[in-house]
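Number of protein chains: 2
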Amino acid sequence: MIEAVAGIDIGGTFTKFGIIDKKGLCLKANSFATGSYSDVDKFQKHLYEEIQTMKSSLNKRISLKGVGVGAPNGNYHRGTIESPPNLNWKGVIPFAEKFKKYFPEIPVVLTHDAKAAALGEMLYGGAKNMNNFIVITLGTGLGSAFVANGRLIYGHNGLAGELGHVNVKRNGRLCRCGNRGCLETYVSATGLKRTFSQLLKSKSGKSNLRNLSSEEMTSEMIYNEARKGDVLALEAFSMTGEILGFKLADAVAITNPQAIFITGGLARAGELIFKPARKSLEKNLFSVFRGKVELLPSKLKGENKSVLGAAALIWKELN
Amino acid sequence: MIEAVAGIDIGGTFTKFGIIDKKGLCLKANSFATGSYSDVDKFQKHLYEEIQTMKSSLNKRISLKGVGVGAPNGNYHRGTIESPPNLNWKGVIPFAEKFKKYFPEIPVVLTHDAKAAALGEMLYGGAKNMNNFIVITLGTGLGSAFVANGRLIYGHNGLAGELGHVNVKRNGRLCRCGNRGCLETYVSATGLKRTFSQLLKSKSGKSNLRNLSSEEMTSEMIYNEARKGDVLALEAFSMTGEILGFKLADAVAITNPQAIFITGGLARAGELIFKPARKSLEKNLFSVFRGKVELLPSKLKGENKSVLGAAALIWKELN
Numbered sequence: 036m037i038e039a040v041a042g043i044d045i046g047g048t049f050t051k052f053g054i055i056d057k058k059g060l061c062l063k064a065n066s067f068a069t070g071s072y073s074d075v076d077k078f079q080k081h082l083y084e085e086i087q088t089m090k091s092s093l094n095k096r097i098s099l100k101g102v103g104v105g106a107p108n109g110n111y112h113r114g115t116i117e118s119p120p121n122l123n124w125k126g127v128i129p130f131a132e133k134f135k136k137y138f139p140e141i142p143v144v145l146t147h148d149a150k151a152a153a154l155g156e157m158l159y160g161g162a163k164n165m166n167n168f169i170v171i172t173l174g175t176g177l178g179s180a181f182v183a184n185g186r187l188i189y190g191h192n193g194l195a196g197e198l199g200h201v202n203v204k205r206n207g208r209l210c211r212c213g214n215r216g217c218l219e220t221y222v223s224a225t226g227l228k229r230t231f232s233q234l235l236k237s238k239s240g241k242s243n244l245r246n247l248s249s250e251e252m253t254s255e256m257i258y259n260e261a262r263k264g265d266v267l268a269l270e271a272f273s274m275t276g277e278i279l280g281f282k283l284a285d286a287v288a289i290t291n292p293q294a295i296f297i298t299g300g301l302a303r304a305g306e307l308i309f310k311p312a313r314k315s316l317e318k319n320l321f322s323v324f325r326g327k328v329e330l331l332p333s334k335l336k337g338e339n340k341s342v343l344g345a346a347a348l349i350w351k352e353l354n
Numbered sequence: 036m037i038e039a040v041a042g043i044d045i046g047g048t049f050t051k052f053g054i055i056d057k058k059g060l061c062l063k064a065n066s067f068a069t070g071s072y073s074d075v076d077k078f079q080k081h082l083y084e085e086i087q088t089m090k091s092s093l094n095k096r097i098s099l100k101g102v103g104v105g106a107p108n109g110n111y112h113r114g115t116i117e118s119p120p121n122l123n124w125k126g127v128i129p130f131a132e133k134f135k136k137y138f139p140e141i142p143v144v145l146t147h148d149a150k151a152a153a154l155g156e157m158l159y160g161g162a163k164n165m166n167n168f169i170v171i172t173l174g175t176g177l178g179s180a181f182v183a184n185g186r187l188i189y190g191h192n193g194l195a196g197e198l199g200h201v202n203v204k205r206n207g208r209l210c211r212c213g214n215r216g217c218l219e220t221y222v223s224a225t226g227l228k229r230t231f232s233q234l235l236k237s238k239s240g241k242s243n244l245r246n247l248s249s250e251e252m253t254s255e256m257i258y259n260e261a262r263k264g265d266v267l268a269l270e271a272f273s274m275t276g277e278i279l280g281f282k283l284a285d286a287v288a289i290t291n292p293q294a295i296f297i298t299g300g301l302a303r304a305g306e307l308i309f310k311p312a313r314k315s316l317e318k319n320l321f322s323v324f325r326g327k328v329e330l331l332p333s334k335l336k337g338e339n340k341s342v343l344g345a346a347a348l349i350w351k352e353l354n
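Taken in order, these protein sequences are the chains called Y and R. For the first sequence, my numbering gives the first residue as 36, with consecutive numbering after it. For the second sequence, my numbering gives the first residue as 36, with consecutive numbering after it.
Check before you lean on any hint, since a few could be wrong.
A pair counts as met if it fits within one copy or between any two copies, since identical chains are not told apart.
[To be verified] Using 27 Å as the maximum straight-line C-alpha spacing, the simulated DSSO-like pairs for lysine-lysine come out as follows:
1) K63 with K100
2) K100 with K236
3) K314 with K204
4) K204 with K228
5) K327 with K125
The set of hints was computed from the structure by calculation and includes no laboratory data.
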């Protein structure tokens, strides 16, 4: 009999889930399309059945001690998912309370996906001995989580860590939040696409992506072309990294972290984004912080980083 | 016999000190010009003698339990004052260790002046029941301190809270730190003077201060003229508050505070700065934070706010 937890990461596209032991070893993981379930009740029923099937499929007997969930706009204090912009579900969803009916005897805990990522980094990744660090998740949007004095900053309403909505430029790009110039309109998969489209319009250089509509284009395509030497695609990455470093300098001035970890889909572009971001961060830092903060990729291993984060959330709760 | 502590606030212009009881009552306070002592040893000797004199002058017998010091660029972890830009002392000064020789039997603790102000607000002021708030000190420069989860954010190197050096504008005003566009070049007594001087140059309106050199001009003069209806002085305050609110919106997105307290010389301008700052803050906030954060003057009473902050530092240590 092995003690383990279920870690669940609800994403805009996929919901990933897995069974994780105390050492952070993911015994098994799987995923399904979040969008297949427009109804939260059906989604939870399916998710529960998947976890049960996964448990029985393991060749060890599992004693499930708890369930950890990471979700966009997840509120740790209330266990709710609140008006998630990238999910079909509307309003305030009491996700943890509802899901609890499938697990009446063990704790079900939910938090913001970026906060789960930070806990994963702290328990199993690169932040094991760190008390002050930042995690940035670069996906459709930009998520972030701040750890200070060894604890996640939740803030007064549980809403801290919205670095995606700090201002890059007055009257800048329109954000889905209604404001203009938010960081995530520049630095995210969507932001990269906007930058690249602008470059295609304003510059005449050759590009294999020139004839695609913005709906057809993906950040992965831009990445693939950049790797092949597409000058405009390289410039789009360079501009994205530059803006990221510029605004991280502000975040460092406020919280003086030891390191900043970047994770999520766009982080897979590696040095294409890290190199300009590091250069811009150092350049824009207040002098006392120069050379004192590392910009690093997540040190969580494998494809199930976000599931490990959700597992870390519940293990932390159980200890 | 009353238990009390000595609270000391070392400022660019004045050093204030006082004797404070456990309830935060300032039994007596005094000050002298910091600049009179270019040598730290002589400064400390004088300060010690002043405290002894003050103690004996009280009509109650005092048992001094500790000494708290707030200073610009004060480092709590090391007890040092590090390259303070507005003091005559250069380099890294081991202030607490040196001062300890006068108080061999009680603790001597030092921190950054804005962090002392935040502790004062938490123990004796408006943040008594708050776990998440920000304190901004508006003087020659802009200092700040962030409290999250009920604790001051010190960061990895003890340098967190440098909101004075977040960027307002690319290639903006040159800051004494070497960067361009730092918040304190716009929002501080010095920033207000720069804004007002620019307005005098670029606009033709009448002003009693038009013939003064920038050396002769003080932020207090601009305040007095604004109160009398000087249109350009009013505009300078309005612009200062607008920029403050704009950058506070970023700080709220990161730490989600319950309130932001503004203290220091420039905060005395009251609504001249609070009104435009509040309006700009609300306008620039990410929607989820709107209506959720208060912008308030410090609730510490009397003229000795900074001394109370330094006293709070040491009382907190003793408890």
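Of the numbered hints stated previously, which ones are contradicted by the structure, given in increasing order? 2
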